[in-house]
Each structure stands twice: as C-alpha cells, then as structure tokens.
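Number of protein chains: 6
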Amino acid sequence: MKVSVFRKERFNAAHRLNNPAWDSETNRRIFGKCNNPNFHGHNYDLIVEVCGEIDPDTGYVIDMKILSDIIQEEVIQRYDHRNLNLDVEDFQDNNPTAENIVITIWNKIRNRLSDRYELTVRLYETEKNFVEFSGG
Amino acid sequence: MKVSVFRKERFNAAHRLNNPAWDSETNRRIFGKCNNPNFHGHNYDLIVEVCGEIDPDTGYVIDMKILSDIIQEEVIQRYDHRNLNLDVEDFQDNNPTAENIVITIWNKIRNRLSDRYELTVRLYETEKNFVEFSGG
Amino acid sequence: MKVSVFRKERFNAAHRLNNPAWDSETNRRIFGKCNNPNFHGHNYDLIVEVCGEIDPDTGYVIDMKILSDIIQEEVIQRYDHRNLNLDVEDFQDNNPTAENIVITIWNKIRNRLSDRYELTVRLYETEKNFVEFSGG
Amino acid sequence: MKVSVFRKERFNAAHRLNNPAWDSETNRRIFGKCNNPNFHGHNYDLIVEVCGEIDPDTGYVIDMKILSDIIQEEVIQRYDHRNLNLDVEDFQDNNPTAENIVITIWNKIRNRLSDRYELTVRLYETEKNFVEFSGG
Amino acid sequence: MKVSVFRKERFNAAHRLNNPAWDSETNRRIFGKCNNPNFHGHNYDLIVEVCGEIDPDTGYVIDMKILSDIIQEEVIQRYDHRNLNLDVEDFQDNNPTAENIVITIWNKIRNRLSDRYELTVRLYETEKNFVEFSGG
Amino acid sequence: MKVSVFRKERFNAAHRLNNPAWDSETNRRIFGKCNNPNFHGHNYDLIVEVCGEIDPDTGYVIDMKILSDIIQEEVIQRYDHRNLNLDVEDFQDNNPTAENIVITIWNKIRNRLSDRYELTVRLYETEKNFVEFSGG
Chain A
2 MKVSVFRKER FNAAHRLNNP AWDSETNRRI FGKCNNPNFH GHNYDLIVEV CGEIDPDTGY
62 VIDMKILSDI IQEEVIQRYD HRNLNLDVED FQDNNPTAEN IVITIWNKIR NRLSDRYELT
122 VRLYETEKNF VEFSGG
Chain B
2 MKVSVFRKER FNAAHRLNNP AWDSETNRRI FGKCNNPNFH GHNYDLIVEV CGEIDPDTGY
62 VIDMKILSDI IQEEVIQRYD HRNLNLDVED FQDNNPTAEN IVITIWNKIR NRLSDRYELT
122 VRLYETEKNF VEFSGG
Chain C
2 MKVSVFRKER FNAAHRLNNP AWDSETNRRI FGKCNNPNFH GHNYDLIVEV CGEIDPDTGY
62 VIDMKILSDI IQEEVIQRYD HRNLNLDVED FQDNNPTAEN IVITIWNKIR NRLSDRYELT
122 VRLYETEKNF VEFSGG
Chain D
2 MKVSVFRKER FNAAHRLNNP AWDSETNRRI FGKCNNPNFH GHNYDLIVEV CGEIDPDTGY
62 VIDMKILSDI IQEEVIQRYD HRNLNLDVED FQDNNPTAEN IVITIWNKIR NRLSDRYELT
122 VRLYETEKNF VEFSGG
Chain E
2 MKVSVFRKER FNAAHRLNNP AWDSETNRRI FGKCNNPNFH GHNYDLIVEV CGEIDPDTGY
62 VIDMKILSDI IQEEVIQRYD HRNLNLDVED FQDNNPTAEN IVITIWNKIR NRLSDRYELT
122 VRLYETEKNF VEFSGG
Chain F
2 MKVSVFRKER FNAAHRLNNP AWDSETNRRI FGKCNNPNFH GHNYDLIVEV CGEIDPDTGY
62 VIDMKILSDI IQEEVIQRYD HRNLNLDVED FQDNNPTAEN IVITIWNKIR NRLSDRYELT
122 VRLYETEKNF VEFSGG
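Residue numbers (the working numbering), protein chains in the order written: chain A, 2 to 137; chain B, 2 to 137; chain C, 2 to 137; chain D, 2 to 137; chain E, 2 to 137; chain F, 2 to 137.
Keep in mind the hints are simulated off the structure, nothing from the lab.
Chain C stretches covered by chain E per the calculated footprint, using a threshold of three residues with CB under 8 Å from any CB of chain E: (1) 3 to 13; (2) 59 to 70.
Ranges of calculated distance between the beta carbons of each label pair, as one might list FRET restraints: (3) A/D94 <-> D/L87: 55 to 61 Å; (4) C/G136 <-> E/D116: 29 to 35 Å; (5) D/M2 <-> C/I77: 32 to 38 Å; (6) E/D116 <-> A/K34: 42 to 48 Å.
Even glycine gets a Cβ: it sits at the ideal position worked out from N, Cα and C.
Work out the full structure, taking the sequences as your base and the hints as a guide.
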C-alpha cells in the first residue's frame, strides 16, 4: 500500500532568464522583464513528494527529518539567498526557468533517495506561476 | 521529459443552480440555498495545468504570458463580473455547477492549445469546494 | 488587561453597485463592471474582533461559541447565498459597496454586544480588496 | 467524462507517536519530540477527492452536502477535539502517524461511497508536512 | 519615525481547558469539547510585532535573527510538541485559553526586549479563532 | 465615520543589504546571507491601507481602481522585476531593508493622496518577515 508524503521548504533567490545563443533584442523580446540584466528575485516554495510503502515499525513512508535534511543539503543550502545565475553551478549553462530549476532539483533529490521511492517535485515561483516534475 | 506548468487566475461571478426540467420544489430540495432565484456568487480561483516537453531554446514548456492571455480571452473576459446564468452563453442550457463550469473551461482552453500539450483544469468555488478535470 | 479575540466566518453572495440617483451611463462610468445589472458575486470573508477584559473564571474575553452564534444569526443566515441588493433589506436603499456592508455588519453585531467590549469588523471582498470599520 | 470533486474539512486533535514493541529510548530516538508521553497536537486539514461521472440531472459528481455529511460522521465527529491515541479506537493498536491516519480515513470513507467513485484522501498535519492516499 | 516589524513562528501543542474550582459538569458545560480530559491540540501560529525607530546604520528596527532567537528561546523551545497543561510551568495554575497563552507569551518576550520597543503579540489557535495582546 | 480600505499588490525584485560605510567583514557579520554581493530576491506583497470618510454618492472611501493605479505607477512599475540596489534610484543611497522600502513606498503614495486620507503601508518580504509604517 503506497502513500505519498510531502515536505514543503522555501528559498529566496535572484535570477535572470537569458539565452546566450541569442542577441540582446531577442532575449528581451522572448523573456521580457525576466531578462533584466541586473536580475530580479523570488520567494520559491518547494514541495517534495515521496511515494512508497509504509514501514510497519515506524508507520512512516520516510522519516520527514531525513527528507527535510536531504532537501536542506541538496537545495536550500545551495540556492537560498543566492543568485542562481552567478552563484550556483547548476545554472552556469542552464537558463534558470522554473522548468529547468524543478528538473535540476528533482535530479539532486533523486540521487539521494532509494529506488523504492517515487519522486515528484513542485516549485512555486509565485503564487500564480508554478511547475511540477515527476521524472518525465 | 515532460514538465507541468500551472497558471492561476481569478474571476468573480454570480450564478444559480437550477434544472428547468424539474418543478420549483424539486429544485429547492436538490440544490438548497444554491437554487436562490435571485442568485448568489463566488470568487472563483482557476488553476490551468499544461504538461509538455521543455523547449530547449527558451527553457519553457509554454510561455506563461501566452497561457495567461489564452485564459484571459477564453475565460476571464467572458465570466468575470458576470452572471453565469444570464450573461454567459455557455450556461444558457447548462447548469453552472462547478463540475459543468470546469468542463466548459477545459474545452475552451483545449481548443486554443497545440495537441502536444496535456491539459488539466482545477476550479475553486470556495476554499472548501473545488473540482478538477483532465479531459475525461 | 484588554485582549482582542477574532472570529472568522464566511458568506457567498451576489451584488451590484448602483446609485439610483444617477443615470445608467454615469453608473457604468463610476462603477465599471461592478455595475452589471445582472449582478456578480463574491466569497466574503468576515473577521470580527472583540476587545475586552479576560474573565478570570473562564480565561475568555468572550466565549467564541457565543460570538460565532451572533455572527451566524446577524450576518451569515441573512446574507449567505443571497443577492444583497434583492434579498437583503439592509441594502434596499444602501449601495452594497464593501464599505457600506462592513458598517452595516458592525452595527448589527454592536447591538448584540455588551458595552464593555470594543468592536472592529474586517470584510474581505477578494484577497486584494478589503475594508475595516471600528465605529468611526 | 470523469471529474474530480474535492471537499475540505478540519479537525483538531492530540496525538503521540510510539511503537509499544520498542523500549522508551528507541522510541525517543526514532520519533523525537513526537514521542512526548504527554502528547502534542495539530490542526489537521483533510481534503477528500471523489472522482466520477457527472449526473446529467444535477450537474454534480456527488452532492457536496452528502460528501460533507459522510466526512463529518466518519471522521470529524470521531477525531475532532480528541486524543487520537486514547479516545479513538482506530489508533488503539495503530501508531497515529499521518500515513496511518490517512489510510484509516480513506477506508472509513471508502466504505460509505458507491463503487462507481474513485477516492483519494489528503491530510495536512502541518502546512509543511502532509500525506495522500489513493487506495494503494 | 517608528516602523513595526513582524516575525511569524509556529508551534504544535496539546492542551485542555479546565477550571479546577469548578466541578466536572460545569467545566463540560462551559468549555464543551475543549474540556476533554485526554486533551486535544493545535498548530499555533504566532506573530510578534515590535515597533521602534530604525537604526540608521543597519536600516533595521531590530535584527530579525535576534527577534527570532528570542521567540525560539522563550516560546518555541518550551511549548513546541508539548502538552501545555502538563509539560509547561506557565500553565500549571493558568487555564491555557488562547487569551491566557498570548498574555503569557507577551510577558516572556517583553522581558527580553529593550524599553524603546513597543510589543504586540498575535496568536492563531486555528485559522478561525485568534487573539492579540499589546500590553493591556 | 471613517472606514479603512485595503489594496494588495505584488512585485518581485532582487536586492542586497549593505552599508557602504562598513568594511566587507562587518557587512557580512551584520547582514549575513542578505549581504551576498550577487544579490538574492523576494516576492514582495504590499498592502496599502487608506482610511477616510465614505463618499455618500459612491459608497467608496476611495475608488479601488484609482488606488490601484497609484500603486502601479509609484511602486510596481518602478520596482517589479528590478534590482532594487542597481535599478531603482530610491535605493542608491538607502539600504533596501524592508523597513527602508516600506517608508519609501509610504512617502511615494502619501504624495499622491489627498490630506483627508490617513495612510498605512504593510510590506511582506516573506510570509515570516514583514513590516508596517503609518507615517511615524
């Protein structure tokens, strides 16, 4: 019997959308105000869903403390109060759209989880714009 | 690799639940206070989920500005600050329950989206009552 | 030692903004889409704040059950799933703007409370538009 | 054409996580502060999702009043303002983790629903920790 | 020029409302289901407002890290995952109504703040029931 | 009879806390991760409260469309998707703490409002950290 457990965490970061293969005018046209060369920023809300069997001894799918620690180590300590474009290696050659961020986070957490779990990650850039990835 | 992107919009509308094939007493019994002939109303929250491949040039599944424009044109401009029963052709012969509204909205947005996208629409009538449709 | 206690309740209603002393064009110009003759509607959130001394026997400023009952009887049972303009006597000659609604609610609850309490009422028409009245 | 309808309800309860097969030290190590023998508590938010065909007469998948009554009778009246470990038979021999609570609630509501409906239950223990069960 | 700064924290606790000077029947009549001898619980949301002059060097009224540490030490570490009646000395002889809890918290934080600050504390027992104290 | 009306708007921006009169080490010690030279960012929520008499003709304290336009022109168009330190003149010589931002916004809106109104501005930097200014 599989149950999903969800853990919500947050980080605050600056970013800029830009495709280095395009000229400035094309970048401005496609990305609009998100292309501002001086960056803008968001309070990102992150919801990590792990689906698996309940351990009969603990009554847990996964200990939320362990899941929270993984999210802290893989995501929050690297992204929080950072500039995603300048400070985070993951986005040196990867445009930090919400879609690219959520896939990156999914991969980092996937590497830390046992294969017996399914993983879905949801990322809120704002209350009105958010994305979700389950591995493709 | 498919990612879901979500866009949230809002509209405020009046409506009344009524089945013209039934007499008044049956309508009152089935629909209760929602059958009030003078209407009541809601702040509807709408979440449109589009699932598809990421465009490698933009890092977007779909430009949120384009998705927002489609929702504005198809839904918000037609439903916002309207009486769904009296002002909106979609509900002339279609009882505006949350279920019927969400299917109607799904069809309108589906017609505007490329076949390469999957579509799910969620509609909140109140914080406690909401519905979701993915095409059946 | 005075403490404020707050109770949140909700009602869903239709309304229309209109000044009968004006012609239709003026009403449309001033009230815009809120002047729709067929009405629109909202999920109204109501927060009633009562400030007073703590009763040493109960540890309560006021029993929340009693406060909730007053709000139910004075407001929710009269306004919920109603058309404020057509169904509610309070707005027969009183344009149901959020400002006029909140003053009306304040007066109704004030009449039910002992003089030893101060009263403030906040009314959310939407998440973005809300009003508050403390007695003037 | 299947639509999902969701109903949100709430209950407030005390609980304690403990495995009687383990000694106190193991329980403290595994469950941490959730093992407090004097209990702690939560405001639980419960979202019940029922998926099925729309009834063409009513425009409803299920009457929300009926669904709400089922949730009240099966869950709220039994769990609200209770100690899950001491007052609720369901958890006499079942550690009241969010995972075990959500499966228990799912079974209770499943027994009250027609087979033509699919059922999913989500339970928020806090805003940051929540679980979901769809039947396994 | 005085500015208010607000810091939100949370704790989860069990409690029971009871006046030991009354018999069981009176306690049940007055406190209803909150009198359950086996306790119930809440996710308490706490908002601490500190009002004062801005320090021209930092641009802060008070360093939020310092304010958060005070709240952690005075409130969260003592109340979180505890039974307020059994585990917390503050409520040994003080009925843990929201009103009495908020005054107790206000006094604890007041003792840690410089006199140049004004202090207001708001405590949410649920989304629908909350209280606020500013010193009386 | 004075009523308060509130309008909520949002902007997303990058910023960095820094005092140019201090050396780098002092700035890092005082401002911590908020001192990151490459900036971080937030979704700022802004609530503007205007208190005044109700106009008997409209039933409005102030037309929310006019208030929203003022906030758009004075704040959103200048701050949204900008770097507060680099792109916004207001913070060239003014450390963009939440406290300094809220006073700056208050002054800009105050200049656009008639003297018959009182003004309060609340700014949420995150859900846990926010500030409010009423003119000092």
